[in-house]
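In order, the protein sequence lines correspond to chains A and B.
Count the first sequence with our numbering and you get residues 1 to 272, in order.
Count the second sequence with our numbering and you get residues 1001 to 1282, in order.
I should point out that these hints are in silico values taken from the structure, not numbers from a laboratory.
Be a bit skeptical, because a hint or two may be false.
[As the list claims (entries may be wrong)] Which residues of chain A face chain B? A partial, calculated answer using Cβ under 7 Å:
#	residue
1	Met1
2	Ser2
3	Pro13
4	Val16
5	Glu17
6	Ala111
7	Ser138
8	Gly140
9	Asp168
10	Ser169
11	Ser234
12	Gln239
13	Leu242
14	Val243
15	Lys268
16	Leu270
[Claimed, not checked] Over 10 Å on every C-beta distance to chain B, these chain A residues come out as not near it, computed from the model:
#	residue
17	Glu25
18	Glu63
19	Ser71
20	Lys112
21	Trp153
22	Leu182
23	Gly186
24	His194
25	Arg213
26	Arg246
27	Glu260
[Claimed, not checked] Negatives, chain A to chain B, calculated, CB over 10 Å:
#	residue
28	Asn7
29	Gln167
30	Glu173
31	Arg205
No residue lacks a Cβ here, since even glycine has one placed at the ideal position from N, Cα and C.
Letter by letter, the chains look like this.
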Amino acid sequence: MSVVFENVHYTYPSGVEALVGVSVEFASGEVVALMGENGSGKTTLLKHMNGLLKPTRGRVVVEGLETSRASVAQLSQKVGLVFQNAEDMFFESTVYDEVAFALKNFGFSEAKTRRRVEWALRFFDLEQYVSHSPFLLSGGEKKRLAMAIILAWSPSIICLDEPTIGQDSLQKERMMHMIKMLNLQGKTIILASHDVEFVAELNPRVVLLSKGRIIADGMCEEILTDLPKLEKASLIPPQVVLVLKRLEDLGVDHRVLDVEQAAKNIAKVLTV
Amino acid sequence: MKIIEVRDLSFTYAGGAKPALSHVSLDVEEGEFVLVVGPSGGGKSTLCRCLNGLIPHFYDGEYSGKVVVDGLEVDRTPTYVLSQHVGMVFQNPQNQLFSLSVESDVAFPLENLGLPREEIRERVDEALSIMNIEHLRDRSPFELSGGQQQRVAIASILAMRPRIIVMDEPTSCLDPLSAVNLFNSIDEIRRKLGLTIILVEHRVDLAAARASKLVVVSDGQIVYAGKPRDFFERHNPHAYGVAFPRVAKLSLMMQRMHNDWDGVSLSPEEFVDEVRKHVGRF
């Protein structure tokens, strides 16, 4: 197993109990979506992966390393976490320096650093901003820069906190493509998201969280068509599921996420 | 009655290589719910800033053309006057909140206008009541959820009693359920108070069915302005960087299979009604 959470509890200093006995495992090379409303514990769980937070009780093991015994720097070489608010990751004065920062810290040579920075900026279509301030980029560009920073050092586990927030449809498509590509390269991808339509299309394993607890864990189609569970997690079902559910009395099966399949199922009922 | 008139508007930010908006014209009728969509960096936020005077009063750059909002020429009207006609809600409500209590946050702009105490109290009560946040009156805005914070931000705008509210991705920090609740409230206050709403939003699937007009801004230009349904029926949203609501896609697929399928649905409810018509069980 790439990541193991064993009965993890986490309480913020303010007293808010954000994780309540979470046990879950992520295999190497898996794509997993953590879903649930704001405050359900998704981000807290992600922050345990690179040791930014350490469990109040229980333990988290990342590629054999127990996080409470490892530094964030050690864990960061294995786990890259892209924050929901990309700006939280910026502090350098140019886009180039921002991407180069971690590489230099990890001891990459100057030539290798340059190659990697250039690759990452090209990959995310940011090379024209090399000498711009990161803070002057548009919202979507900032998000891409945040991902470029992480991918430049190629961690084996990539955590994305709400990767589609504030992204337009083309950027979402690109994000989808990129997640699939990184996964093909063997990376483990854990994303926190409440974008049901995006997750439905990505089709990953889905872990549903509510009030700090895991309330469901299974394949995308199974979880995102389970209306009572989605309601418990305060998620709005995908539009296709909502439509099919309302047509159940006509004998249409609602456990479908694919638009084309849904259209066929409806057509079948209409031609009877 | 026309409440917003934009004519041949161009704006290039100081130091910008190309215009953020180029020869844009737009008319909005009073009481309309206008949904503004398009790719990031296409000019949506710039257009919003031109409606409430942030451009040209606070952003340097090259400005030409004419923007008339509620009878006022924006570039010739001071922003404190404009703010009583056009309210602006931003992506991150935290940028708009700073007081120690919800009540004082909503009262702040009114105090700035120098209104009498009684009137301030009356307007604050009214705004809190419209946004259903009376119970949060004494709370600190910073201990509220994102959805509640955005409601406080909108209440502080409503207290100014503007006729137009411009919202630049107000739900981007919210989860979908809070977003839907906020859209419902926005639509309700629009109807109740006769407000005109300009909403910039990427969540087209949740917002399209409520809009009376869709404006697509791309590469500094308005490439479409008209009924939302017509856009999804006649254009390829992907080509404009606009999300294609699943239910609209589903309608188009049904249309291909059944010639008499009536138009594109923008909400699950509309689509289900259409299906039932064809079953003959309606």
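Practice item. Hold the hint about Gly140 (chain A) up to the distance rule: shortest CB distance to chain B must be less than 7 Å. Key: Result: holds, 4 Å to nearest chain B Cβ.
Exercise for review: Decide, holds or violated, for the assertion that all CB atoms of chain B are farther than 10 Å from the CB of Arg213 (chain A).
Suggested key: Its Cβ never comes within 10 Å of chain B, the nearest being 17 Å, so this holds.
Check your understanding: Hey, does Glu260 (chain A) actually stay past 10 Å from chain B on C-beta?
Key -> violated (7 Å)
**Study point:** Assertion that Trp153 (chain A) lies farther than 10 Å from chain B (Cβ)
**Key:** holds (26 Å)
Check your understanding: Is the shortest C-beta separation between Val16 (chain A) and chain B less than 7 Å?
Key -> This interface hint is violated because 11 Å lies over the 7 Å limit.
Exercise for review: Confirm or reject the statement that Gln167 (chain A) sits farther than 10 Å, beta carbon to beta carbon, from all of chain B.
Suggested key: For Gln167 (chain A), whose nearest Cβ neighbour in chain B is about 7 Å away, the distance does not exceed 10 Å, so it is violated.
Check your understanding: Minimum Cβ distance from Ser234 (chain A) to chain B below 7 Å?
Key -> holds (5 Å)
**Study point:** Interface-negative label, Arg205 (chain A) against chain B, beta-carbon threshold 10 Å
**Key:** Check passes; 20 Å lies beyond 10 Å.
**Study point:** Interface hint outcome for Leu242 (chain A) [beta carbon to chain B under 7 Å]
**Key:** Holds. Min distance 4 Å.
Check your understanding: Non-interface claim for Leu182 (chain A): all C-beta distances to chain B beyond 10 Å?
Key -> Holds: least Cβ distance 22 Å, greater than 10 Å.
Check your understanding: With a cut-off of 7 Å, does the beta carbon of Ser138 (chain A) approach a beta carbon of chain B closely enough for the hint to hold?
Key -> Because about 4 Å separates Ser138 (chain A) from the closest Cβ in chain B, which is inside the 7 Å limit, the hint holds.
Review point. Regarding the assertion that Glu25 (chain A) does not contact chain B, is the least Cβ-Cβ distance greater than 10 Å?
Key: holds (26 Å)
The structure is inconsistent with the numbered hints 1, 2, 3, 4, 5, 6, 15, 24, 26, 27, 29 and 30, although it conforms to all the rest.
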